[in-house]
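*Asks:* Fit chain L to the given chain P structure using the hints.
There are 2 protein chains.
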Amino acid sequence: MDNTKEDLAGLKAACLEAARESIAEHGVERLSLREVARRLGVSHQAPYKHFASRDHLLAEVIRKCFQDFARFLDNRERQQNPDQDLSCLGSRYLQFALERPLEYRLMFGTPWPEPAEEVGLVKDALHAFNILRGDLKGIHGDSADAQPKVDLDAMMIWSSMHGLASIFQSSAVRHLDLANGVQAQAPAYIMDRLRAMLSAQG
Amino acid sequence: MDNTKEDLAGLKAACLEAARESIAEHGVERLSLREVARRLGVSHQAPYKHFASRDHLLAEVIRKCFQDFARFLDNRERQQNPDQDLSCLGSRYLQFALERPLEYRLMFGTPWPEPAEEVGLVKDALHAFNILRGDLKGIHGDSADAQPKVDLDAMMIWSSMHGLASIFQSSAVRHLDLANGVQAQAPAYIMDRLRAMLSAQG
Numbered sequence: 218m219d220n221t222k223e224d225l226a227g228l229k230a231a232c233l234e235a236a237r238e239s240i241a242e243h244g245v246e247r248l249s250l251r252e253v254a255r256r257l258g259v260s261h262q263a264p265y266k267h268f269a270s271r272d273h274l275l276a277e278v279i280r281k282c283f284q285d286f287a288r289f290l291d292n293r294e295r296q297q298n299p300d301q302d303l304s305c306l307g308s309r310y311l312q313f314a315l316e317r318p319l320e321y322r323l324m325f326g327t328p329w330p331e332p333a334e335e336v337g338l339v340k341d342a343l344h345a346f347n348i349l350r351g352d353l354k355g356i357h358g359d360s361a362d363a364q365p366k367v368d369l370d371a372m373m374i375w376s377s378m379h380g381l382a383s384i385f386q387s388s389a390v391r392h393l394d395l396a397n398g399v400q401a402q403a404p405a406y407i408m409d410r411l412r413a414m415l416s417a418q419g
Numbered sequence: 218m219d220n221t222k223e224d225l226a227g228l229k230a231a232c233l234e235a236a237r238e239s240i241a242e243h244g245v246e247r248l249s250l251r252e253v254a255r256r257l258g259v260s261h262q263a264p265y266k267h268f269a270s271r272d273h274l275l276a277e278v279i280r281k282c283f284q285d286f287a288r289f290l291d292n293r294e295r296q297q298n299p300d301q302d303l304s305c306l307g308s309r310y311l312q313f314a315l316e317r318p319l320e321y322r323l324m325f326g327t328p329w330p331e332p333a334e335e336v337g338l339v340k341d342a343l344h345a346f347n348i349l350r351g352d353l354k355g356i357h358g359d360s361a362d363a364q365p366k367v368d369l370d371a372m373m374i375w376s377s378m379h380g381l382a383s384i385f386q387s388s389a390v391r392h393l394d395l396a397n398g399v400q401a402q403a404p405a406y407i408m409d410r411l412r413a414m415l416s417a418q419g
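Those sequence lines, one after another, are chains P and L. The first sequence begins at 218 in this note's numbering and counts up by one. The second sequence begins at 218 in this note's numbering and counts up by one.
Only chain P is shown next, with the shape it has when bound in the complex (with noise of 0.2 Å):
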């Protein structure tokens, strides 16, 4: 690679930091291409070699998001049976919510921008959502007549986790009064209920 083509990808991966800062601080709302290059100390001008508008900027950080994500998931210990998996996976999926928030808000949070399609976003995600339906296909079966179980159950297994990740991060939870123990409990709880429900089916 030389200098110059270096300093591009470099330029590039600094706007998308910068973008996340940006974000984190003040809100998408508040992206821009022009607060992205007064970050860097670089020209108005510099960020759209690369974005070429701030949608494909914004959509660019989900993105990368995705990305991280599919990574952190692809990453869990693997087990033998689907059906274990699935609970190794719940749990870095919670992991990654709450560790992350600002990306997992973005993911899931924030409306796509337009550009999504194009810039890999779409892809990226159903990647991601695809490591989920590879465990049920392992219960349920690869044929086009599994296709709707296993995306029910993938919608069932997604929101739980997704309505679980949620609710630790309200307000609400900490005021219910819950049983001693129910908030650390729930998450190995709820998914060994939806293994039992799995597997009572398969």
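Please keep in mind that the hints were generated in silico from the structure rather than gathered at the bench. Treat the hints with caution; some may be incorrect.
To be verified - If you anchor each label on the Cβ, the simulated ranges turn out as follows:
id : chain 1 : residue 1 : chain 2 : residue 2 : range
1  : P       : A417      : L       : L343      : 33 to 39 Å
2  : P       : A226      : L       : Q386      : 33 to 39 Å
3  : L       : R247      : P       : R295      : 35 to 41 Å
4  : L       : N347      : P       : A401      : 19 to 25 Å
5  : L       : L315      : P       : H243      : 25 to 31 Å
6  : L       : R288      : P       : A405      : 31 to 37 Å
7  : P       : A226      : L       : K229      : 55 to 61 Å
8  : P       : A226      : L       : Q301      : 55 to 61 Å
9  : P       : D285      : L       : G227      : 51 to 57 Å
10 : L       : Q386      : P       : E234      : 24 to 30 Å
11 : L       : E246      : P       : A226      : 35 to 41 Å
Said to hold, decoys possible - Example chain P residues on the side facing chain L (calculated, C-beta under 8 Å, incomplete):
id : residue
12 : A241
13 : D368
14 : A396
Please read all numbers here as calculations on a predicted model, not as lab measurements. Glycine included, every Cβ here is placed at the ideal spot set by N, Cα and C.
*Replies:* Then chain L, alone, in the frame of chain P:
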């Protein structure tokens, strides 16, 4: 009620409504008693007759969301069996979340301000949660021993419905190539599975 009292009660309700509108337009961060007074065309001091601070106002706005939410849940068609009643409760929960996203976000996505306890917000949130607990006590019993089970199952059902509401509003769900009909079927499918699980235990 003499005119002054009537005016005062009217002003309180008007402040809550103006606060809700301000939040809808500009977000929670920009809410202030001054902005509410401006919207109502009253003096800057007027809202202080009802709200000691901006945080007291916000706490009362969120409290009102929980009151509306609990009333909406309470108005469901009651079923004979608690497990059937849970399905009604689940679909009312989803309906509220999808039809009134601002109220829903204020209850569960916004950090409660410090006067939450003082203004009765906590009590009203607990009332809403106890509707769910009520059905589960009908299944597991109301003894001290049953309490952790009631609360764990309440967390399981709440997280499923909460997650589903949130997923339905995400951009992600529209891009995952879900099998035909899966999104429409998911709420009933998930509630049925949860009910089957509960009756297998009961």
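*Asks:* Output the indices of the hints that this structure fails to meet, ascending.
*Replies:* The structure breaks hints 3 and 12; every other hint is satisfied.
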